Amino acid sequence: MSHDAQVFVKSQTEFEYSKRKRKEAMRSQITSFAIMIFLTLIAFSAVAAGFSKYYIAPIILLLAAVQVVLQLYYFMHMNEKNHGIAAFFLYTGALFAFTFILTFLTIIWWG
Amino acid sequence: MDFNTKYTPQTWPEHPEQVTLEGKNKFLGFWLFLGGETVLFASLFATYLALKNKGPSGMEYSTQTLFELPLVFVMTMLLLTSSLTSVYAMYHMKNHNFKGMQTWMAITVLLGLGFLCLEIYEFNHYVHIGFTYGQSAFSSAFFTLVGTHGIHVVIGLVWIILLILRNAKRGFSLYNAPKYYTASLYWHFIDVVWVFIFTVVYLMGVVG
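Chain order of the listed sequences is A and B. Count the first sequence with the UniProt record's numbering and you get residues 1 to 111, in order. Count the second sequence with the UniProt record's numbering and you get residues 1 to 208, in order.
Only chain A is shown next, with the shape it has when bound in the complex (with noise of 0.2 Å):
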């Protein structure tokens, strides 16, 4: 019942065709891979070579930014079709982090 499914045979052009875009997908998925080394590189070596705290806190937060965000949309699919509803459950988990984040700092702060 629940593991039902209807079974279709590809054609030999609809299986190649598939096979190309999965190797795209593949392909676009290492470049993300790529980046995400090379964005923990600087983080790292910006911490590293001690400039001023007020340069680097924004610049790695950002570098932390782009990274989740590349391995939300290609490791973990978010790109693909169908995500409507993956990306409403975390995007409402992500409001609540950063009131969370925002609140107990507020607290620190003026508290």
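Read the hints as simulated data drawn from the structure, not as lab findings. You may find that some hints are simply not true.
[As the list claims (entries may be wrong)] Partial selection, computed: residues in chain A whose CB lies under 7 Å from chain B:
| no. | residue |
| --- | --- |
| 1 | S28 |
| 2 | F38 |
| 3 | F44 |
| 4 | V68 |
Note that the structure is a prediction, hence the values are computed from the model and not measured. Built from N, CA and C at the ideal position, the CB exists for glycine as well.
Following the hints, put chain B in place on chain A, whose structure we already have.
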């Protein structure tokens, strides 16, 4: 059509994880769970940021004296690479290459184990120099945040190892494809959390 149907690369669906009702439900439920996990980690991050470097007066432990960047860098590289290897595993799943998927899942486990060993080494070192869980508000917040992530790594490893072993002789079916898919999503999410941990806890900790 029962779930023991054997597929060939020609009949294997485009999204094997979302063909059956069971698969669709798993997919949806798992993303809801990840939304909840985001909230869990946000509360721990908020607590950590609020209690960072706070403790008894004259406390000698601070983010700047404790953290060693080279170790964190190696841990980051291990976890980031393990995220890519589980992407490879999912690529082989979509290509209906069972051996390929099992192999890359196993490599993911090995990299994850490497990460875990380094984390245990790190915690052990902290406890050794007196920075124990109950030492200060800072230490509790730190161990709770990073430790919760570590427990997620352990759960992820046990989960993936069980999947690999349980399905070793089964081959692909629409029954186990969603299981592998959600496990790989979980593993990526662990890496997402780690990106914030190495940035917010370690890098910003060293900067001060």
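Here is what the structure says about each hint:
For S28 (chain A), the suggested interface contact is broken, since its CB lies about 11 Å from the closest CB of chain B, more than 7 Å. With its C-beta approaching chain B no nearer than about 11 Å, F38 (chain A) sits outside the 7 Å limit, and its interface hint is violated. With a least beta-carbon distance of about 5 Å to chain B, the hint placing F44 (chain A) at the interface is held under the 7 Å criterion. Checking V68 (chain A) against chain B by beta carbon gives a least distance of about 5 Å; that is within 7 Å, so the hint holds.
In this structure, the hints that do not hold are numbers 1 and 2, in rising order.
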